[in-house]
Amino acid sequence: AQSVTQLDSQVPVFEEAPVELRCNYSSSVSVYLFWYVQYPNQGLQLLLKYLSGSTLVKGINGFEAEFNKSQTSFHLRKPSVHISDTAEYFCAVSDGEAGSYQLTFGKGTKLSVIP
Amino acid sequence: NAGVTQTPKFQVLKTGQSMTLQCAQDMNHNSMYWYRQDPGMGLRLIYYSASEGTTDKGEVPNGYNVSRLNKREFSLRLESAAPSQTSVYFCASRRRENQPQHFGDGTRLSIL
Numbered sequence: 001a002q003s004v005t006q007l008d009s010q011v012p013v014f015e016e017a018p019v020e021l022r023c024n025y026s027s028s029v030s031v032y033l034f035w036y037v038q039y040p041n042q043g044l045q046l047l048l049k050y051l052s053g054s055t056l057v058k059g060i061n062g063f064e065a066e067f068n069k070s071q072t073s074f075h076l077r078k079p080s081v082h083i084s085d086t087a088e089y090f091c092a093v094s095d096g097e098a099g100s101y102q103l104t105f106g107k108g109t110k111l112s113v114i115p
Numbered sequence: 116n117a118g119v120t121q122t123p124k125f126q127v128l129k130t131g132q133s134m135t136l137q138c139a140q141d142m143n144h145n146s147m148y149w150y151r152q153d154p155g156m157g158l159r160l161i162y163y164s165a166s167e168g169t170t171d172k173g174e175v176p177n178g179y180n181v182s183r184l185n186k187r188e189f190s191l192r193l194e195s196a197a198p199s200q201t202s203v204y205f206c207a208s209r210r211r212e213n214q215p216q217h218f219g220d221g222t223r224l225s226i227l
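Sequences listed follow chains A and B, in order.
Using my numbering, the first residue of the first sequence is number 1, and each one after it goes up by one.
Using my numbering, the first residue of the second sequence is number 116, and each one after it goes up by one.
In case anyone wonders, no lab produced these hints; they're calculated from the structure.
Just so you know, these numbers come straight off a predicted model, no measurement behind them.
Just so you know, not all the hints are guaranteed correct.
Sample of chain B residues facing chain A (criterion: CB under 7 angstroms; computed from the structure) [to be verified]: (1) S146; (2) F218; (3) G219.
Each pair of labels, with its calculated beta carbon distance range [what the hints assert, rightly or not]: (4) B/Q137 - A/G62: 34 to 40 angstroms; (5) B/N185 - A/S54: 34 to 40 angstroms; (6) A/P115 - B/R192: 41 to 47 angstroms; (7) A/T55 - B/E194: 42 to 48 angstroms; (8) B/S195 - A/S80: 47 to 53 angstroms; (9) A/T55 - B/R192: 39 to 45 angstroms; (10) B/E188 - A/P18: 40 to 46 angstroms; (11) B/E167 - A/S3: 26 to 32 angstroms; (12) B/E167 - A/P18: 43 to 49 angstroms; (13) A/P18 - B/N185: 46 to 52 angstroms; (14) B/R210 - A/I60: 17 to 23 angstroms; (15) B/P176 - A/S9: 25 to 31 angstroms; (16) A/N61 - B/R210: 19 to 25 angstroms.
Straight-line alpha carbon distances no greater than 30 angstroms define the calculated BS3-like cross-link-like pairs of lysine-lysine that follow [to be verified]: (17) B/K129 - A/K107; (18) A/K107 - B/K172; (19) B/K172 - A/K49; (20) B/K186 - B/K172; (21) B/K124 - A/K49; (22) B/K172 - B/K124; (23) B/K129 - B/K172; (24) A/K69 - A/K49; (25) B/K124 - A/K110; (26) A/K69 - A/K110; (27) B/K124 - A/K107; (28) A/K58 - A/K69; (29) A/K110 - A/K49; (30) A/K107 - A/K58; (31) B/K124 - B/K186; (32) A/K110 - A/K58; (33) A/K107 - A/K69; (34) B/K172 - A/K110; (35) A/K107 - A/K49; (36) B/K186 - A/K49.
Yeah, the Cβ is synthetic: ideal placement off N, Cα and C, and Gly gets one too.
Given these sequences and hints, build the entire structure.
Here it is as structure tokens:
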């Protein structure tokens, strides 16, 4: 079974500064990787996904993530954050094999953008 | 443009009461999921249904039952609610394995 580690439970950052949210997963032959964002009192919204191909994936709201197979990582980055980026971010992984239906989530990273 | 709809949005129960959380999706997705979210724990899978007519246990199934009523609807039942089941419950669906899951807005359940 997959496991996902989000190394930071909370990340404070000043507005317009860059941010990186870290995610590592347990090794597998092939994986599908996702980042979700959750605003207060709302459900989860997909930010971006990696299924195959280019290891640099661009998502909504200016976020991007890089898949690194050798380090089993999928870190999320944004060059300049805005107050509206304050939310909780979840990394998730699914085995890339037929019949694999489950998605394993990390415990989340709360991003706080400071004015 | 409804996506995944969960009802109710809020509920307060007394210990020992039963209730059913409803979930419906209008995206013709094959797989549906129930999660619970607790502070610092992320999302934990309770049950899922890979396709209409099938259901399987997830990480934390004890105290819950599910029914995949048809392709659109997937319900979660608490037969005898316990305070440990106080949580936010999310339903999700997806078309197939390599696609992202789409989430509802959640049901906030408190058990006294």
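For each hint, the structure was consulted:
{"no.": "1", "hint": "S146", "result": "holds, 6 angstroms"}
{"no.": "2", "hint": "F218", "result": "holds, 4 angstroms"}
{"no.": "3", "hint": "G219", "result": "holds, 6 angstroms"}
{"no.": "4", "hint": "B/Q137 - A/G62: 34 to 40 angstroms", "result": "holds, 36 angstroms"}
{"no.": "5", "hint": "B/N185 - A/S54: 34 to 40 angstroms", "result": "holds, 39 angstroms"}
{"no.": "6", "hint": "A/P115 - B/R192: 41 to 47 angstroms", "result": "holds, 45 angstroms"}
{"no.": "7", "hint": "A/T55 - B/E194: 42 to 48 angstroms", "result": "holds, 47 angstroms"}
{"no.": "8", "hint": "B/S195 - A/S80: 47 to 53 angstroms", "result": "holds, 51 angstroms"}
{"no.": "9", "hint": "A/T55 - B/R192: 39 to 45 angstroms", "result": "holds, 43 angstroms"}
{"no.": "10", "hint": "B/E188 - A/P18: 40 to 46 angstroms", "result": "holds, 44 angstroms"}
{"no.": "11", "hint": "B/E167 - A/S3: 26 to 32 angstroms", "result": "holds, 30 angstroms"}
{"no.": "12", "hint": "B/E167 - A/P18: 43 to 49 angstroms", "result": "holds, 45 angstroms"}
{"no.": "13", "hint": "A/P18 - B/N185: 46 to 52 angstroms", "result": "holds, 47 angstroms"}
{"no.": "14", "hint": "B/R210 - A/I60: 17 to 23 angstroms", "result": "holds, 19 angstroms"}
{"no.": "15", "hint": "B/P176 - A/S9: 25 to 31 angstroms", "result": "holds, 26 angstroms"}
{"no.": "16", "hint": "A/N61 - B/R210: 19 to 25 angstroms", "result": "holds, 24 angstroms"}
{"no.": "17", "hint": "B/K129 - A/K107", "result": "holds, 29 angstroms"}
{"no.": "18", "hint": "A/K107 - B/K172", "result": "holds, 20 angstroms"}
{"no.": "19", "hint": "B/K172 - A/K49", "result": "holds, 26 angstroms"}
{"no.": "20", "hint": "B/K186 - B/K172", "result": "holds, 18 angstroms"}
{"no.": "21", "hint": "B/K124 - A/K49", "result": "holds, 28 angstroms"}
{"no.": "22", "hint": "B/K172 - B/K124", "result": "holds, 24 angstroms"}
{"no.": "23", "hint": "B/K129 - B/K172", "result": "holds, 26 angstroms"}
{"no.": "24", "hint": "A/K69 - A/K49", "result": "holds, 15 angstroms"}
{"no.": "25", "hint": "B/K124 - A/K110", "result": "holds, 23 angstroms"}
{"no.": "26", "hint": "A/K69 - A/K110", "result": "holds, 25 angstroms"}
{"no.": "27", "hint": "B/K124 - A/K107", "result": "holds, 23 angstroms"}
{"no.": "28", "hint": "A/K58 - A/K69", "result": "holds, 17 angstroms"}
{"no.": "29", "hint": "A/K110 - A/K49", "result": "holds, 20 angstroms"}
{"no.": "30", "hint": "A/K107 - A/K58", "result": "holds, 22 angstroms"}
{"no.": "31", "hint": "B/K124 - B/K186", "result": "holds, 22 angstroms"}
{"no.": "32", "hint": "A/K110 - A/K58", "result": "holds, 21 angstroms"}
{"no.": "33", "hint": "A/K107 - A/K69", "result": "holds, 21 angstroms"}
{"no.": "34", "hint": "B/K172 - A/K110", "result": "holds, 29 angstroms"}
{"no.": "35", "hint": "A/K107 - A/K49", "result": "holds, 18 angstroms"}
{"no.": "36", "hint": "B/K186 - A/K49", "result": "holds, 25 angstroms"}
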